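2 protein chains.
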Amino acid sequence: MKKAYIISTGTELLLGTTMDSNSVYLSEKLRDIGIKVIGKSTVGDSRIHIKNAFELGLKSADIVISSGGLGPTLDDLTKETACETMGVKLEIVEDELRKLEEFFKRRKRAMPKINKKQAMFPQGAIILKNHLGTAPGMCLKTGEKLVALLPGPPREMKRMYLEELEPVLKNEFELEKNKAIMKTIKVLGPGESQVEEMLGDLMEDNRQYSIALLAQEGEVHIKLTVEGQDFNDSQAIMKQITDEIEKRLQHNVIGYDDETLALKIAELMLKQGKTLALAESCTGGLLAKMITDLPGSSQYFWGSATSYSNSAKTAILNVKTETLEEYGAVSEEVAREMAAGILNNSAADFALAVTGIAGPEGGSEEKPVGTVFICLLNGHGQDYQVKKMSFVGDRDAIRALSAKTALDLLRRYLISGGVHK
Amino acid sequence: MKKAYIISTGTELLLGTTMDSNSVYLSEKLRDIGIKVIGKSTVGDSRIHIKNAFELGLKSADIVISSGGLGPTLDDLTKETACETMGVKLEIVEDELRKLEEFFKRRKRAMPKINKKQAMFPQGAIILKNHLGTAPGMCLKTGEKLVALLPGPPREMKRMYLEELEPVLKNEFELEKNKAIMKTIKVLGPGESQVEEMLGDLMEDNRQYSIALLAQEGEVHIKLTVEGQDFNDSQAIMKQITDEIEKRLQHNVIGYDDETLALKIAELMLKQGKTLALAESCTGGLLAKMITDLPGSSQYFWGSATSYSNSAKTAILNVKTETLEEYGAVSEEVAREMAAGILNNSAADFALAVTGIAGPEGGSEEKPVGTVFICLLNGHGQDYQVKKMSFVGDRDAIRALSAKTALDLLRRYLISGGVHK
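The listed protein sequences derive, respectively, from chains F and A. The first sequence begins at 22 in the working numbering and counts up by one. The second sequence begins at 22 in the working numbering and counts up by one.
Okay, chain F solo, but in the shape it has when bound (with noise of 0.2 Å):
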């Protein structure tokens, strides 16, 4: 197996305010394709602090991953350090400082003269493409080992390594023949502790496969990982066990990998033809924005009203003055005729609506914070379900678990065709 040493670079990283979370990425990363991750380093702007750690990891590994440090600042050290740890020269590429000057061309500015350095480079290296920023990165082999410099903003780092380092590492190293398998299955309602004893005896230690459980936002994934020297062998095991898990876990199961469940969403609602409007109280547009976050979504996406006062309940929802008086803005009545309200001002087929206490404040004995309505209306047929949450958690805790309640509402009445009571 190659081994692999991961270096992060940025004062940022020491200060103990932000966390490393590229590190993480690429460990995990490398791990789904075969390549062992023996050691990582965090070290500030500083060249001395960077040359060593550059050292430790040609010295330990055969591949060696940074990230950060390719701006055009003063304190952006990686590029010029590794090179020299390398003993390898810096030159400008004509083509590189090119695509430069035409990014601040488009947007109506001077290049400074500072980010003239990010179009060097040495000789021989395969140029990594950034798609979302000035700097782009680089790989390149020195004797038997691989050093590869990525840029240091979450997301433009994660492209990088999908669309240009990945495909690169696979080809230098044959990794593909004896890789082991992984596969997540998202869980959303029963907690970590009920799915391992749904799971029962599948958890014990076995030497097909293991499971691993991990509790994130609300939702429990289960880590499958299947390793063997035989890739259609690994295949199908990991099926088998997989149909095992869905067979118990049912309707629960919302997703796979990088599946989410505002994606099955997408996916249903245009398969399926329909459209959705919202009324958030409590989420507060936090449900409107995990559908949005997918582009695209305007074609099932009518729109949503976010009612975080009484007032613009009865002005944008017509939620009766009345209702509000009996029942209170967090109730089962209120969350219906927040979702008629709606439906009826758009040409929606379905519309959803939240509404609860997301706290601190608000909670009362008979209402404590995180009790939540939640109602799903389809136009045609007049079809309701409603469902009462009592959430536990903090602030942003109640609230994702509120939106992503509300999603899988629908997610389950689009997959069975109707609404359960």
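None of these hints come from the bench; they were simulated from the model. It should be emphasised that the depicted structure is a prediction, and the values quoted were computed from it without experimental measurement. The hints are all genuine.
Note: identical chains are not told apart, hence a pair may lie in one copy or across any two.
With a straight-line cut-off of 30 Å between C-alpha atoms, the simulated DSSO-like cross-links for lysine-lysine are:
no., residue 1, residue 2
1, K126, K268
2, K137, K268
3, K50, K72
4, K80, K162
5, K244, K137
6, K150, K207
Given chain F, work out where chain A should sit, using these hints.
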């Protein structure tokens, strides 16, 4: 300023599933007592890699602190390896052995043989008590350097650091006097290299303070550090440099340290007793979410309409069909009608409207992806302000920049008390 190097051991930290929160905690705590962390290293449970890390730490810093690998099992190697690196021998400490035996006795279990090594320490070591587990830590001076070993479980590590190690460090290095002060200035508008140009001479190497720039989700963070013998002197220098930066960057400064735009808006709205309504299109709920992330936002946030389709713009915001046809949904005119539409429906004082093209689809030559119109409307006096932006980046970045720029428009208005064209 004394320098520290942090080592985290444990194979699980290299798999990409577990965050190394110990080193983040230690970084923050050490900074608080005036010790500068110059690097961190994470290694698996392997003698050779642990040794490499201690060697690099001893070479580059005054203090080396590790966490993890103090347990009784075969893969707990930190103490043996650290002592080997320092060239000191481990011996049984009778007192500690007795404590361990008592620990097992209280639990009515025989002490496994392998636990014996937890009672072994080199001569001259200060033994650090573990109130929450069986693994004691230790601290040893070797020449001018100090090496401290802490256990891996975060609860045990934190308590041992605070109660046992921190007093030793303070005593050993007379730290209180020599503490660094830090401040982050957050900037929205100019990019990283523009900020660098605006700061110009301030960025040059300087003995009194240091400046680092960090691009963060559309913002640029200016990280200031002032180090010095005298706390009052340091504070005076910090004030001077902060004033100078404010003078140069003016209204582009949106906050300090943990302040966010949403928090600033909350402060200003509460102070001025005003309320806000939103009309979102391309931000799709994100703006409302950012505002309602804060508890208590219902005091100044009336509600919002997310009109993701043209039909929603006419139905809930009364945007005229002719305006949509003549100017298109992404236009100054529609932004103005959206703001007016929500404000007429509400009792709010201000409305913010955002319409734009977040991409990746939907751009044209005239209105490319990233074109965004933001309108601020003050209901009293019908004061309008419209901003046309051309953001660069992917969908997430354009949405985040749109929302932040809208909040910033309101912030500037509230600060200055009027519309600036």
